[in-house]
Amino acid sequence: RNCAGVLGCGAMLRFARICGWDGDDEEWEGEYAAVCETFSVDMACGIDQEKFSEMVRHEAFKGYCTENEMREILLEDHAKMLRMSRKSDIDWDMTPLPGNLRAMSRMRSRRSSAG
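My numbering numbers the first residue of the sequence shown as 7 and each following residue consecutively.
Calculated from the structure, these hints are not laboratory results. One or more of the hints may lead you astray.
Simulated restraints, written as ranges between beta carbons of each label pair [what the hints assert, rightly or not]:
1) 91 <-> 64: 18 to 24 angstroms
2) 48 <-> 81: 28 to 34 angstroms
3) 93 <-> 49: 31 to 37 angstroms
4) 79 <-> 10: 21 to 27 angstroms
5) 51 <-> 76: 21 to 27 angstroms
From a predicted model like this one, the values you see are computed outputs, not experimental measurements. Heads up, the beta-carbon is just placed ideally off N, CA and C, and yes, glycines get one too.
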């Protein structure tokens with residue numbers, strides 16, 4: 007089982023905090039377990055891009071957001087990382103990986119053909 011390129015408990019906590027989660031780490035572990043159970047995700051492996059996309063489009067999901075809202079979240083997070091790198095002299099490579107570009111392209115193609 008390949009668990010590379012997935013969002014685990016910590017990465018999902020970051021997303022949850024962006025969406026307004028204000029509980030502590032222990033509470034999040036329980037919430038993450040519930041999310042994984044609801045969306046049939048193997049907790050040990052994490053949430054892949056396809057499942058995450060399904061989750062954020064599900065209106066009952068607490069992290070639900072439209073495509074434009076997700077774009078804003080990503081842009082704000084990207085800007086935050088750049089500001090942090092300037093403060094700490096870290097050279098972040100923010101270049102998208104080719105695999106991510108292919109996956110994003112497939113998602114756009116599916117959306118275009120569905121609409």
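Hint-by-hint comparison with the structure:
One distance hint, 18 to 24 angstroms for the beta-carbon pair residue 91 and residue 64, is violated here, with the actual separation near 33 angstroms. Here the CB-CB span from residue 48 to residue 81 is close to 30 angstroms, well matched to the stated 28 to 34 angstroms. In this structure the hint that residue 93 and residue 49 lie 31 to 37 angstroms apart at CB holds, the actual value being about 34 angstroms. Taking the beta carbon of each, residue 79 and residue 10 are about 23 angstroms apart, inside 21 to 27 angstroms as hinted.
The beta-carbon spacing between residue 51 and residue 76, approximately 23 angstroms, falls within the hinted interval of 21 to 27 angstroms.
Of the numbered hints given earlier, the model fails hint 1 alone.
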